[in-house]
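Peer 1: So the chains spell out like this:
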Amino acid sequence: MDISNYLYLSVILFTIGALGVLIRRNAIVIFMCIELMLNASNLALVTFSRINGNLDGQVASFFTMVVAACEVVVGLAIIVTIYRSRRSASVDDASLLKN
Amino acid sequence: MVYLIALPLLSSAILLLLGRIADKWGHLLATLVSASAFGFGVQQFLQMHKQPGSNRAVTQKLFDWISVGTFKVDASLLLDQLSICFVLLITGVGTLIHIYSIAYMSHDKDRRRFFAFLNLFIAAMLLLVLGDSYLNLYVGWEGVGLASYLLIGFWNQNPVYAVAAKKAFVANRVGDLGLSLAIMISFAQFGTASFSGVAAGAPHASSAALTAIGAMLLLAAAGKSAQFPLQSWLGDAMAGPTPVSALIHAATMVTAGVYLITRSNFIFDASSTARMMVIAVGVITLLFGAIVGTAKDDIKKALAASTMSQIGYMILATGLGPVGYAFAILHLLTHGFFKAGMFLGAGSVMHGMDDEVNMRKYGGLAKVMPVTAITFGLGYLAILGVPPFAGFYSKDKIIETAFNSGGSKAIVIGGAALLGAGITAFYMTRVVVLTFAGARRWKSEAHPHESSFLMWAPMVVLAIGSVASGFLLSMGSALVNWLQPVVNASHVASGKELMKPMTVSVLALGVVVLGAGYAIIKYRAVAAEAPEKVSIFTRAARMDLGQDIVNDKVFVKPGFALTAGLVAVDYKVIDGAVRLVGWLINEISDVLRKIQNGYVRSYALMMLIGVFICVLILWMVTA
Amino acid sequence: MSTATMLGNDPGWIILVKGLFIFVFCVLCTLMAVWGERRIVARMQMRLGPNRVGKFGLLQALADGVKLALKEDLIPAAADKIVFIVAPIISATTCFMAFAVIPMTGKVHLFGHVTAMQLTDLPVSVLYILAIASIGVYGIVLAGWSSGSTYPLLGGLRSSAQVISYEVAMGLSLVAVFIYSGSMSTSEIVAAQHKWWFAVVLFPSFVIYVISMVGETNRAPFDLAEAEGELVGGFHTEYSSLKFALFFLAEYVNIIAVSSLATTLFLGGYHALPGLTFTENWLGGWFTFFWFLGKVVMFFFGFVWLRGTLPRLRYDQFMKFGWKILIPGSLFWILVLATLRVMSQRAASRTLVVGFSIGVVLLVVAISSLYDRSKEKAEKAGAILPSLPAPSFPIPEIPGQGFINGRSEING
Amino acid sequence: MTLFHLALQVGRTATPEAVQFWLLAPIAVIAALGILVVKKAIHAALLMAWVMVTLAIFYIAEDALFLGIVQIVVYTGAVMMLFLFILMLVGVDSTESLGETIKGQRIPSILIAVGLLGLVVSLLGRATITQPAVGLATANADGNVQGIAKLLFTEYVWAFEVVSALLITAALGAMVLAHSQQTKSKFAQRDLSIARFRKSSLGGAAGLPTSGVFARHNAVDVPALLPDGTPAPTSISQTLKARGDMITSDGFALESIEEQED
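Chains as they are written, first to last, in the working numbering: chain A, 1188 to 1286; chain B, 39 to 661; chain C, 397 to 808; chain D, 4 to 265.
Hints were generated in silico from the structure; no laboratory data involved.
Misleading hints may appear alongside valid ones.
[To be verified] Taking lysine-lysine pairs in the BS3-like style, the calculated list, with each CA pair at most 25 Å apart, reads:
#1 D/Lys-189 <-> C/Lys-716
#2 D/Lys-202 <-> D/Lys-244
#3 C/Lys-477 <-> D/Lys-43
#4 C/Lys-773 <-> C/Lys-716
#5 C/Lys-720 <-> D/Lys-189
#6 C/Lys-771 <-> D/Lys-189
#7 C/Lys-477 <-> D/Lys-42
#8 C/Lys-463 <-> C/Lys-451
#9 C/Lys-776 <-> D/Lys-189
#10 B/Lys-632 <-> D/Lys-106
#11 D/Lys-189 <-> C/Lys-773
[Said to hold, decoys possible] Take a look, some chain C residues computed to stay more than 10 Å from chain D by CB distance:
#12 Ile-410
#13 Met-428
#14 Leu-444
#15 Ala-465
#16 Phe-696
#17 Leu-706
#18 Ser-745
#19 Leu-758
#20 Lys-776
[As the list claims (entries may be wrong)] Computed footprint of chain D on chain C; a stretch qualifies when at least three of its residues, placed anywhere within it, have a C-beta under 8 Å from a C-beta of chain D:
#21 447-459
#22 557-564
Just so you know, even glycine gets a beta-carbon here, dropped at the ideal spot from N, CA and C.
Using the sequences plus the hints, can you model the full thing?
Peer 2: Here it is, written out as structure tokens:
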């Protein structure tokens, strides 16, 4: 099997993730879509690692995972805080700064 | 050498920054500093005196001031034969006036501030005369301008005084513009602003540039020394306390113009046009000041007009070429003594007369203020040029030099100088007669009395100076020889003499006797009020020959019109453009604001579009 | 020949046979476990327990299963149907998957093949078990959420927080094993214990693992996800019939799985007790299976014993215990252990090692005594009750306050 | 054309990896697309988890064993569990209407996304045509875990430390953000029991009457009757009262004893 198929899959998943960020309103779902994008790039990294025959790509995606975990933890805490005061997890409602 | 400047500056800073804490001892500190500066100056002078003529100039570099690429200006000081004269005059007279002021200002609650300003002035003036380049001089130049402004407006609670201070400041600015232009031209022309650099370059420079620099320097000198056409501020500057008038507006600061021209002798030596302008300014001012002086009833203003006139003599002398410089400086020094002495005397009179300045309200004060009368009288004799008093040696030399300057113009200049001497005799006699002689015209509630020791002691010292300085300085051409290396007066005796010194002295004395005699006759008995019905000449003189009116018509009104025009242009064209830009941005923003809708997802879409564009470019590039 | 290469040579049908064996083993174990638990708990509570169905009631669990299967399958109206159905399936499938890497016997002959009773061996098989366990939690959490009811939701919430918390402690206790055995493969860990069991060498890790495995399986005293007294039945309140049976099955298979893992990691796996190693060759190596089974049963008895004796913890106490004692404790322990390990690798002298160990022990004792003292102080300081206005009637003595006579209070 | 080519390729090289890929990849894509359209966030989370598990399997297939397992432990086990946890705290029963509220958002988004996809796929097609894969056989010779560990603790040790600092900071940050200050001190059981006895009346010392005691109904929303026959409103849970799920107690009062004797 052609290894680049993984890359195509990665691109597809990345695009879907980006699209999800753009068209979903629930902040948590948007977060998931960001995770999807990160995962897709991880897949690309792992595949690159295999193509180049060294493990740096895997280490990079390992770091991506850690950073993604950090991001989720803080992001979800923010969502909870916002939800506590506004009773809504929709990103469109959090637009006080406009105008 | 740097301590000369640093000490007064430091003392001034201490007095200003410590505030009320220094109220008790501030004046003493200031006086002490001034006196020590004088002592230091004397020591320097003695040291210099020991050296042979060519080694006397000392330069001291302080620090690199400006260093941009190849363009370098050092902050450095130059103490030479010319500077030391000024240093001694400034610190000596300055110390005397400090002492005088202790008593004179003792009732003023702001005495500490006054002394702080005085010290600031001393520091700035010393910097002016010690700077070794035009740029350093400029710093001192501005410093004395500031000090003068602060001191004229010392009693700024009086709006008239504040306006007078502002007027002096503005008039000085015009002159300063000339100085800065001169510096710029010399930078452009010679690549340096140091005296030695410019002196070295001057012989090779084009006459147009030299004339331009000379004209600009003359403008600067006119501003600072109250010469025509920037003379109008000096009379109003009398608003300041009398010691200020004595120190700044008689003895030192106003002579800065003379110093500047003397210092720039290499410029004026090289440009006869510039020299001619100097002569013209000097002649006009000496007559102008003298005429104005005849009509003033305010004793200080009369003395101010006299100062203007005497400085006119000095400027005239500097315009007369190498030989004139020394006489200008000689007259400057003697004038410093007798004019300062007379101002202090006037202050003493005012002090005794409850700050009354109108001479018509004086009369017969010689009896109650003998010391003041005697010292003032000695100064009077000095300014008149009666032998053997100081003025005789200095003023007569100038008149003589004017007559001997060669050509047909010499007769005009000399005649004018002689006429000036006559008028001087007239108005000075008027002052003396009105103040000290005749019947008493003061009101009964005034109790004129002799001033305290602290006040009359300086007056006595200055009176001695006005008696002896002329003789001492010109004995064996002492000053001329002393200054010879600086002003380069090697060809003193060149050109044929039109008149012998003796002839000039006799002529001058005759003119003086005429003027004085007329004044005695005319003012032996006067009314306490100035007569209203007077000749048109008197009226013109009273109005300062319309100097303010001319200023107003020629400069101020067109200036206002120009400014108004510029404001209109600024508002319509420049602001209009700015407003147009603002309006455009506003309109564009209104459109763009719709993009900024507050929705995170829209922003994310923008980001993605950006990414898309980047990838698109990448795609096209790699195609 | 290492176990990994040996397993790599297995033909496909042997793998199938092994898979079947694991499945049967798990189900049988569950049936026996249910019966055993009820009998043991009954003994502890001075009862008899089930003894009607079959000899000693042995078939009781089977009968229960049949009954459950025949019950009506209810799906609440508020439930999210798909997730409601998927949840027990996730639970029941993932619990079996952990067994794939558990070595149950040593080298045995199976239908003429030399192999070991272990489906596969990965270099990271312990991590694999952790991964599977973390997927297994989805069953509980989703069941709680999808029921559309308050109590299951609370149970699901509790369970997700609980599992995340105790997985950290469990993972940290496993790190000690990895450090000591130098591998994450189960068979190699078992092989590394041929001299000393890790339960002895790494006693603190063993204790932490045992505690967190109880937390991980939601068993008493950590059964907060299904706490009957508070949440009715917790996450499975709305479940009935076969779906409930699946959760039931998953719970017991999970218990067996974590017990098996504990056996493998700390009790030498299928190896015999020290001194009885000759038994390992009996029955062509198959006797090792009984050693394995025996150890698992011992752990299971521990589970039952805990359930029979300990009351349930309050939720905050439980979380505090996990985060403030287990995790810092195991972190500290790993630090000490890693230091010791490096020392031994760099061939440090024995005195140095002993000295370091004594130092650590002294440090721990000092800290704990200080902690106790500060706690005592805090308790003393906090013992003063808010002084409410004293009532006008005598009230019973309150410990630490002495007898309060209302009237005398007012008069005094 | 490309699709056809790919299909041919599948037919030709039916290695286990290819089978696995063509089995799981389409499902993963479908699941990912599902995230875009499902209404309930929790369904999205489940689909997401599925995609992550699939990716983990792909990692393992690509000789990244350790990363695959870590993917499951970290992403599926921790991150997605955290998502579920928050979803349960925040709007359990919220379904999201999928209608777009921002004008000009959806269509351009889809267009741009599809365009980006096309561009990158096209770029990829150009980039990887001639490059044969090296494979990880040599790199993984000492074992995948050991290989990664070697890189992590030598070349990338600085990044490793920085990332760990980041992780701790993030944990602290999350605690600070999500922590809500308790304004009133909580009463422990002990305090409550003391407070019960310190009241002016000992009436409630034994606890509130249970609902349904002496009553003719045993539903929780029916008040208990006191020994004298009057209903006790305190016997009903405060929660029910707050919800308004309570029947007025007057109707349950018994007639007075005298009346009954009459």
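Peer 1: Count residues of the segment 557-564 of chain C with a Cβ under 8 Å from any Cβ of chain D, then say if the count reaches three.
Peer 2: As far as the segment 557-564 of chain C goes, the hint holds, because 4 residues have Cβ atoms under 8 Å from chain D.
Peer 1: How does the coverage statement for the segment 447-459 of chain C fare against chain D, requiring three or more residues with Cβ below 8 Å from a Cβ of that chain?
Peer 2: Coverage by chain D is violated here, the residue count being 0 at a Cβ distance below 8 Å.
Peer 1: Between the alpha carbons of B/Lys-632 and D/Lys-106, is the straight-line distance 25 Å or under?
Peer 2: Distance ~11 Å between B/Lys-632 and D/Lys-106 Cα, so the pair holds.
Peer 1: Holds or violated: C/Lys-477 with D/Lys-42, Cα cutoff 25 Å?
Peer 2: 14 Å, holds
Peer 1: For the pair supplied as a hint, C/Lys-463 and C/Lys-451, confirm whether the alpha-carbon distance does not exceed 25 Å.
Peer 2: 19 Å, holds
Peer 1: Should the label of C/Lys-776 as a non-interface residue stand, given a Cβ cut-off of 10 Å to chain D?
Peer 2: 16 Å, holds
Peer 1: Could you grab the alpha-carbon distance between D/Lys-202 and D/Lys-244 and see if it respects the 25 Å cut-off?
Peer 2: At roughly 24 Å apart (the allowed maximum being 25 Å), D/Lys-244 and D/Lys-202 satisfy the hint.
Peer 1: Is the nearest Cβ of chain D still more than 10 Å from the Cβ of C/Leu-706?
Peer 2: Given a closest Cβ separation of 19 Å, the condition holds.
Peer 1: Hey, C/Lys-776 versus D/Lys-189, does the alpha-carbon distance stay inside 25 Å?
Peer 2: It holds: about 19 Å lies between the C-alpha atoms, which stays within 25 Å.
Peer 1: Do the alpha carbons of D/Lys-189 and C/Lys-773 lie within 25 Å of each other, as the hint requires?
Peer 2: 21 Å, holds
Peer 1: Is D/Lys-189 within 25 Å of C/Lys-716, Cα to Cα?
Peer 2: 17 Å, holds
Peer 1: May I ask you to check that C/Met-428 keeps its beta-carbon over 10 Å from the closest beta-carbon of chain D?
Peer 2: 30 Å, holds
Of the numbered hints listed earlier, the single one contradicted by the structure is hint 21.
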